[in-house]
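Mapping of the sequence shown onto mature numbering (1 follows the signal peptide of the UniProt record, and there is no 0): residues -25 to -1, 1 to 152, in sequence order.
Honestly, I wouldn't trust all of these hints.
As the list claims (entries may be wrong) - Distance windows between CB atoms, simulated:
#1 G103 <-> T58: 33 to 43 Å
#2 L101 <-> A59: 33 to 43 Å
#3 T33 <-> H96: 14 to 24 Å
The hints are simulated quantities; they were obtained by calculation from the structure and are not laboratory data.
Values in this document were obtained by computation on a predicted structure and should not be read as measured data.
Ideal Cβ placement from N, Cα and C applies to all residues, glycine included.
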Amino acid sequence: MRRLLLVSCSAVGVFALLPASRAVAVELPVRKAGLWEMKVLSGGSTPEMTMQQCTDETTDKDMSTAMSPVAKDICSKQDIQKTATGYVTDSVCGVAGMTIKSHAEITGDFNSAYTMKSTSHSEGGLAGAARDNSTTIEAKWLGACKADQKAGDIMMPGGMKMNIKDMEKLKALIPKK
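Please model the entire structure based on the sequences and the hints provided.
Here it is as structure tokens:
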């Protein structure tokens, strides 16, 4: 259950990185097509988690457009800035009575490897207590997707497989403000 909660919170963090609309001045680049390994390192007692995602240019672009309505519904602030070394994002999002303020610094080239270091502060929700979290995602391109994978597939630890294109269906589960 704790791992599922971590994945859910990571998904909210990913939503926070997506542009809220086409009017956003800066957008994150599209990743190179193929199989990406993403190693999630969280502070504290949460174990390291490694997952893989098969992507292509269309899926990365679609992910941005499909998730934008979700992010628009749950985030009151989403800023993306280009820096000399990459990108910086700042967001404030709310889900299930919890407010999450996030700051992320992303470096790398989106063709072979990138790193996202994020910090977040959450308040409210079921636990009610304030919580600070630091997460680092180290992503590297592995090559072509495997024969049994299609763009959007995410292979989670333990063999669970889901497709990011199905995430739009989760929008219906997120309570409105």
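Are L101 and A59 spaced within 33 to 43 Å by their CB atoms?
holds (40 Å)
Between T33 and H96, does the beta-carbon spacing fit 14 to 24 Å?
Roughly 35 Å apart at Cβ, these two residues miss the hinted range, so it is violated.
Assuming the hint says 33 to 43 Å, is it satisfied by the Cβ distance from G103 to T58 or not?
35 Å Cβ-Cβ, so the 33 to 43 Å window holds.
Of the hints listed earlier, the one the structure fails to meet is number 3.
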